[in-house]
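2 protein chains.
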Amino acid sequence: MESVDRERAGLIARGWRWPWGLIEKFRDKMVEAARKAKKLGQEDPRRIIHSLKVGLAITLVSLIYYFNPAYGDFGVSTMWAVLTVVVVFEFSVGATLGRGLNRGLATLLAGALAVGAHYLAHLPGRPAQPIILGIFVFLVAAALSFLRFFPKLKARYDYALLIFILTFSLVSVTGYRDEEVLELAQHRLSTVLIGCATAMLVSIGICPVWAGYDLHKLVAGNVEKLGNFLEGFSEEYVRVLDDGESKDNKTFLLGYKSILTSKNTEDSLANFARWEPGHGRFRFRHPWKQYQKIGSLAGQCAYRIEALSSYPHSHIQVPTEIQSKIQAACTNMSTESGKALKELASAIKSMTKPCSVDPHIVNSKIAAESLKSLLETHFCEDVDLLELMPTAVVGSLLVEVITYVEEIAESVHELSSLAHFKDGKPEPEPEPEPEPEPKPTLEQPQQLQQTIQKFSGMDGPHHIITINGLLSIKASGTVVNVTSTDVTKGSKTKSNERQMRHVFSF
Amino acid sequence: MESVDRERAGLIARGWRWPWGLIEKFRDKMVEAARKAKKLGQEDPRRIIHSLKVGLAITLVSLIYYFNPAYGDFGVSTMWAVLTVVVVFEFSVGATLGRGLNRGLATLLAGALAVGAHYLAHLPGRPAQPIILGIFVFLVAAALSFLRFFPKLKARYDYALLIFILTFSLVSVTGYRDEEVLELAQHRLSTVLIGCATAMLVSIGICPVWAGYDLHKLVAGNVEKLGNFLEGFSEEYVRVLDDGESKDNKTFLLGYKSILTSKNTEDSLANFARWEPGHGRFRFRHPWKQYQKIGSLAGQCAYRIEALSSYPHSHIQVPTEIQSKIQAACTNMSTESGKALKELASAIKSMTKPCSVDPHIVNSKIAAESLKSLLETHFCEDVDLLELMPTAVVGSLLVEVITYVEEIAESVHELSSLAHFKDGKPEPEPEPEPEPEPKPTLEQPQQLQQTIQKFSGMDGPHHIITINGLLSIKASGTVVNVTSTDVTKGSKTKSNERQMRHVFSF
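Just so you know, the sequences run in chain order A and B. Going by the numbering used here, the first residue of the first sequence is number -8, and it counts up by one from there. Going by the numbering used here, the first residue of the second sequence is number -8, and it counts up by one from there.
Since the hints were derived computationally from the structure, they do not count as laboratory data. Some clues are possibly wrong.
No copy labels: a pair is met if it fits in one copy or bridges any two.
To be verified - Restricting the straight-line Cα-Cα distance to at most 20 angstroms, the calculated cross-link-like pairs of lysine to aspartate or glutamate (DMTMM-like) are:
hint, residue 1, residue 2
1, Lys208, Asp258
2, Lys333, Glu227
3, Lys145, Asp35
4, Lys143, Asp35
5, Lys248, Glu297
6, Lys30, Asp19
7, Lys20, Glu171
Between the sequences and the hints, there should be enough to build the whole structure, so can you do that?
Pasting the structure below:
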């Protein structure tokens, strides 16, 4: 008897427990989703605003039509207007404008063409009509679908082509009488235009999200990430050599990774930005292409850094005298190029001409030169190649990085002149370094010569010849051109860069 | 008099020339466009077929409705059907199915919800109705617009969310009486379903384009490109050393570049592939994720190769004895890893288990080991470090590449077991090499020992101990594990790999 009771009690309990389990599971899922939503909102509050804007735009256009149903013959027009708002309203102003203009234009052209097709199909009379219409629709749809494969068209007019196909088939196929067709085309156009207008007004009117500004921020951020890595890398490097261990949080060693995959984002943002009117400090024809150029250079640099990033821990040992010299040169290259990149990033961000960058680049090159002379002059010594390798590889990769840093600097200079950046206050000298060697600039050939001597640690003769603004240091048979990155002779600088790179490509 | 005549003649001539110029310009543009179109068609003939399919689908559905206008009340339904076909029909079957299912499901749910909202709004009576409806529409639109920011939802259900917003606003806002609303919702659903069905049938029925197959081909192709680069690189390398010059067409040095940016394509193809039914030799639940994994590893490897690609011409000089030894080891590493990758690629393509890969990987590792011992044992010699650097850097980067090659091999092994690849005929030995050193496999420890001795060029003792399937060679204080890449102990292999990498990360 008791046992039966207990059993029943157990059954009832289980019967109670079962739905509770489900409810709890559901609740957990909800909580999880809420947490994610909060995170998304905190990452970029504009997302929340965007959602509200979409709601507002759709409500607006629906209510407009709701209050004069005379407009919408059986709600058809209403549908087109609402539909237009829903599909046209994108996150950024550029995307919205692009889609809106695409849609409006395509509807206009396709509508006109379709009306023409409709008339043509009616000429021969009833039996032939559907066949002719069918052929028209087939030809237009097939041709435009193929056009959508053209990369240039796809990038900017894909949506227009889609809408063209849509409108043409819709208008030309409806079994209406001609005057009705005209009316339909007209209605469709007007409602589409109203829809586009609403979407655009809300998108621009209420906290607009400018694709151009996002591109600007993204590219500057990428350049800065590279800079952070290089600075952090050199610190890490020193730390490894001193304590024989590295700090745990290597966020700076990972920050650059996003650059490896940000190309597509940059391209689409640039496409949207072209649709946008002037906003803030960006004119209508802001050189967005230049941002793409800088972005791709940053990507190239990031690939090198990806290869570099596996080396900071590759030699936990007491460095020999020559090794520590080499490592000093490496830390120097890395720090200086990192500084240069960060200067460039802040120049882009503040839209001022980068003025204090060149000294850093010159310094990084001098460090590279010193590395070269070190390697040149220390053979026949008791050096263990295997132990020397990591340092050498790091040095060699850093030399590659430096060439890209200078290319980035050049294109930022170009950008600053194309986009009429305002002049920043020039800093004649970069701030002093912990590293032993002085920071010579082009104004001080003697000091530079001393540096080279000090580094190359040899007493051979150094002839310093200054030809048309290039300071070329003849040291132990190989010529290295240390040039001032001047916008006007960008190409020349580049060629010198290439030369240096080949002299240096160890 | 004559002059006037001449002048008039000139005017007339110019008057004639002007339109001709325009026409010619137009004709040139047309010719150019035609040329591009031909190229696009030749690159992938499926594009032409796709365009024809779109035309066919739209014509079909329009004619269906054209012939029973009773169906379409004033062409509204016609519109929905045509619209659905136009927006649902994508290039690949997966994309089409995905959009179709998204659209159908969203329409169904949103329609039902909207009818409910419509009833609710009617309860309080006319004045309050628009306000309530407005609030409903606003809330739904805002909430779902925000949901579209969730990465997972965006990847697969973005379109469904859009259509849900669309349908809900359309149905709930139309100023219809209730029975009309029901009719509308019903109509909309049926027409959308007919549209989706047409699109899907044409997409699958007539030369279907499977996203899954494209992903399969893309990933295999990427792995092959890496292999081509590595093989070509070693040839180029030898050529540079022999003739002091390189051949002009370095297509193999550029083929891999597409890999650097193919991540997004892979991801979207994988997303589409998940919608696709079983086709050809791909089951419904084919492990598409594994393809993504292999793809990203290939990308990682490509970054290293990008860094490597700037080195083949960096040392056009007569190599010293040690240099030529090092270079022999490098060419070996490159050739062997290249062979391994090409084997893997062909294994993926033919969907057979990769069986003749491991020897190549073992060989490449032995070459790496030989390089290490060379560098270890040749100090206190007359070596110019600067001249030695490029070779050393190439070697070090190649060692990194090898680790990725092995990871790729592992994940291909995983794929072959996940996707039940059929067994290929095993090749016990790789074909003989031009390089000096023999190709030992795990069956021949003695030979391997000789190899190591021959390379490391030292007479220290070598103890060979074989423990649980790992052949570990004790040579000059550092342990290197040469392991057989066995799927069953993939993790162990990896850990050994890591160890080897650290021993080796010079």
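Could you tell me which of the hints above the structure violates, numbers in ascending order?
7
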